[in-house]
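Chemist: Chains as they are written, first to last, in the working numbering: chain U, 1 to 59; chain D, 1 to 933.
Where hints are given, some of them may not hold.
DSSO-like mimics (lysine-lysine), calculated; alpha carbons at most 30 Å apart, straight line [stated by the list, open to error]:
(1) D:Lys484 to U:Lys37
(2) U:Lys37 to D:Lys4
(3) U:Lys50 to D:Lys365
(4) D:Lys105 to U:Lys50
(5) D:Lys261 to U:Lys37
(6) D:Lys579 to U:Lys50
(7) D:Lys365 to U:Lys37
(8) U:Lys50 to D:Lys87
(9) U:Lys50 to D:Lys172
(10) U:Lys50 to D:Lys300
(11) U:Lys50 to D:Lys123
(12) U:Lys3 to D:Lys579
(13) D:Lys261 to D:Lys105
(14) U:Lys37 to D:Lys45
(15) U:Lys50 to D:Lys437
(16) D:Lys365 to U:Lys3
(17) D:Lys484 to U:Lys50
A few chain D residues that face chain U, going by a derived Cβ cut-off under 8 Å, partial list only [claimed, not checked]:
(18) Leu32
(19) Asp230
(20) Thr858
(21) Val861
What the hints contain is simulated information worked out from the structure, not anything from laboratory work.
Note that beta-carbon positions come from the ideal geometry of N, C-alpha and C, so glycine has one too.
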Amino acid sequence: MPKDVIGSVMVVGGGIAGMQSALDLAESGYYVYLVEKGPSIGGVMAQLDKTFPTNDCAM
Amino acid sequence: MLTKSDIESISGEVGNFSVSLTRQPRYVDMDLCVGCGACAEKCPKKVPDGYNSDLSKRKAIYVEYAQAVPLKYAIDGDYCLKIQKDKCGNCAKVCPAGAIRYDDKPETVTLNVGSVVLAPGFKPFDPKGLDSYKYSEHKNVITSMEFERILSASGPTHGHVTRPSDGEEPTKIAWLQCVGSRDMNRCDNPYCSSVCCMYAIKEAVIAKEHQGDSLDCAVFFMDMRTHGKDFEAFYDKARNDAGVRFVRSRVHTVTEDPETKDLEMRYVTEDGKIEVEKFDMVVLSVGLEISSELVELANKLDVDLGPNRFAATDSFSPVVTSREGIYVCGAFAGPKDIPQAVVDSSAAASCAGQVLSSARNTCTKTKEKVPETPVKGEPPRLGVFVCKCGINIAGVVDVPAVVEYAKSLPFVEYASENLYSCSQDTQDGMAELIREKGLNRIVVAACTPKTHEPLFQETLINAGLNKYLFEMTNIRNHDSWVHKSTPDLATEKAKDLVRMAVQKAALITPLAEAELSVNPNGLVIGGGVAGMAAALSLAKQGYATHLIEKTAQLGGTALSLHKTWKGEDIQENVARMVKEVEDNENITVYMDTELESVDGFVGNFTSTLKGKDKETTLEYGVAIVATGALESKPTEYLYGQDPRVRTSLEMDKLFQDDDPALKEIKSAAFIQCVGSREPGRPYCSRVCCTHSVDSAIALKKRNPETDVYILYRDIRTYGERELIYKKAREAGVLFIRYGVDNKPIVSVTEGNLTVRVRDHVLGKVMEIPLDALTLATAIVPPDNSKIAQFYKVPINDTGYYVERHAKLGPSEFATDGVFLCGLAHYPKPIDESVAQAQAAASRAVTLLAREKIFTSGTIAVTSPADCSECGVCIALCPYSAPSFSTERPFPGKATINPVLCKGCGLCVASCRSGAIHLNGFDNNQILAMIDAL
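Put together the whole structure using the sequences plus the hints.
Modeler: Spelled out as structure tokens, the structure:
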């Protein structure tokens, strides 16, 4: 472990997993770079109509 | 946020990585684009819309979908006429912001970070290569992702289910499971994709909801895998209430009627008959896989992948990759559903937080606070902003007319329209107008406060106004969206809504939020694997943690387990964890100790702990519930009457002890679902299939001559666990399926233990003599009511705790400051328990790291003079916020704790004396709105 630890994290992927990770890290006091391949975040979940088993709207 | 960016290389080590990225050209300046959509309207080039699974077209300049974040357009450089052929250029001509940049070039960006979290996701399996279903040729054979878009209101058919060949409504739809999963012959994916059974059931149920009961939906499957929380009940409902047909058969070919485009399937039923059935549509339930680009990414990052190209991890550190400082979450670490991905992603955040805790808050910036302008005693000066929401509102409602009308209303000093009220530049403009015109109450007529109120309140804060001097009315969801066909009436309704909002706004007052300091200590209840993992995670992030365990030993249920399905020795790992807990200076362990009382609220809890011979009082800010679950003791199959009949854990004890009795076993059977998936205990216990399969392999390994049978209902070796199911079959373990209404019969005659079961494949009753019978018994929760009562957290009808949100809040409770992990949430294997423990710790740290929290201003308050001391509010409140005051000046009168109050209004409605008022929704304000109507 180097002495000069950098208090930032790169999260690769802006789907539900990446977003949750980024939010947790940012709220815990770390600067987050959320890196996404596409033009916007959201991932596959944003394409889903509803989610099981509660049939909540995925968007 | 760095969009359209690819990772090129990484160097350095944990704590100090240097990452090189390429930002691909977007051709639109994100700082200038206001997301108005004028460009896309004029763009002549149509291209397949990937968001709608290519079922419809979008323009070459586009946003992926209406709610996209960031809501900034991008040009698809491969299709744009200007970029490809130097023609057109329409978008630059019409863009009001001058944001188009045709000369945009790829750009290299270097980031210095302490840690990396990988969440690159998965790729749905592409069935084009499968000859048997002719996906590319048969128009009415579609993938589940395509069907998902067809069901969606924002999809190509606006949620109307029609078949692609002729746009007709289908009357019969079939789902084919395991397409691109559990298949080594036609694709290279031997694993189970874990999610397809559930999404197929969901799609079938929703399709029936959309089209009516007459729609025939049939799901063709091998094993129905509904192993998640509340999933089995969903399956039961789909079968029994919604009338979805479930056919246990793997369909091999689909043929098309060249004229009608109907699809014919030939399949073998369970009793061996060949059936031919026609369907209008066939949905292929495609699995999850890792694309070659992700394999390349893993290579660039020097992260090891497993045999199925998922990131390699181990059960006791489920989000840690082979490279120190790089963590993984989501489907890249194995096929999984949304809650599991959310759990993993918080766990990954927790692990990154552990290595970076010395640098916490060193890279973040704190916002400067704008001093609040006092408005007390000043007459209301209202500002009304009416949003066009692009064409969402303005396409129906006459927005300029609504603005003119607003100007005529009392107290309104200023009114104007916004193209997108939520865009950053509009927000800045609004703040400027508030200051310039001296506005002291703001009304926004736009979309829903549920998503946008916090954003506008932020604008008020930036303009120096108390954030509660704000009223929002929804002229989109409640008006333009639902009254599309009657624009004149919709405009009138918008005026009504604005008038109501204005009347209320004139009466609103600034509200105060109480500031609370957060006690930085954590309490973890339960010293099993989950509790220990949670305590370690909190402690390693620098927080003093108290771990209480009611027995005399740490380790919980894991102490009775032999090996994980990946082959890791559980006792070795548990012993290592125990040592780590005992050695950690931030952790205080309380053995033989139970929770006796809980007082207080988020950030400031006080508890009494009752140990063997002493009581301790503890103050802490957050609590993590990791109280575990138990193996049920069966009452059937001669358990307790014959020593050869054991539970799974009792069998593991033999393996742990390397018991000589194992050598004597020449014939062994396992019965699955003992006490699970039955009336009275309708859930699947999730781990038992994998456990029995693993034990069966262990028996075969000791002695390949041993006959081993597994009597099952559905084998649920989900994810990569499927590989050990395959291994067991190859080792000669025999699998015999039984139905819940035709259970195996175990008997002893003249000392011989026998199981009788009807074999579905052979169609006859088998009688198997046994030396050992293992019952895969249900996992059951202990009595959780005491702790549930302490923290005001709910328990479901099967006795497990209920999390905040099934998908998005799996590791926390609705009660602030209380978190959940491990078997207390639902049966789960060790890797998932550890991940959830780390996730609970991560969620807890988001609170602890804040140091101070603010309560809401929208809470109930009592007026003691009117209170009749009846106690109805105290009895009713689900959050225990009201109590009788014990202090002067009003002893005996009801008072409401502002920290516990959620502002639901239940007490207000129940108070017979009219002594309770809800700040921000007081009677005079509500009545003013009604009067305005």
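Chemist: Against each hint, give a clear statement of whether it holds in the structure.
Modeler: Structure-based check of each hint:
no., hint, result
1, D:Lys484 to U:Lys37, "violated, 36 Å"
2, U:Lys37 to D:Lys4, "holds, 4 Å"
3, U:Lys50 to D:Lys365, "violated, 37 Å"
4, D:Lys105 to U:Lys50, "violated, 38 Å"
5, D:Lys261 to U:Lys37, "violated, 38 Å"
6, D:Lys579 to U:Lys50, "violated, 45 Å"
7, D:Lys365 to U:Lys37, "holds, 26 Å"
8, U:Lys50 to D:Lys87, "violated, 41 Å"
9, U:Lys50 to D:Lys172, "holds, 21 Å"
10, U:Lys50 to D:Lys300, "violated, 35 Å"
11, U:Lys50 to D:Lys123, "holds, 19 Å"
12, U:Lys3 to D:Lys579, "holds, 27 Å"
13, D:Lys261 to D:Lys105, "violated, 47 Å"
14, U:Lys37 to D:Lys45, "holds, 23 Å"
15, U:Lys50 to D:Lys437, "violated, 45 Å"
16, D:Lys365 to U:Lys3, "holds, 22 Å"
17, D:Lys484 to U:Lys50, "holds, 24 Å"
18, Leu32, "violated, 16 Å"
19, Asp230, "holds, 5 Å"
20, Thr858, "violated, 22 Å"
21, Val861, "violated, 29 Å"
Hint compliance for this structure: hints 1, 3, 4, 5, 6, 8, 10, 13, 15, 18, 20, 21 are not met, and every other hint is.
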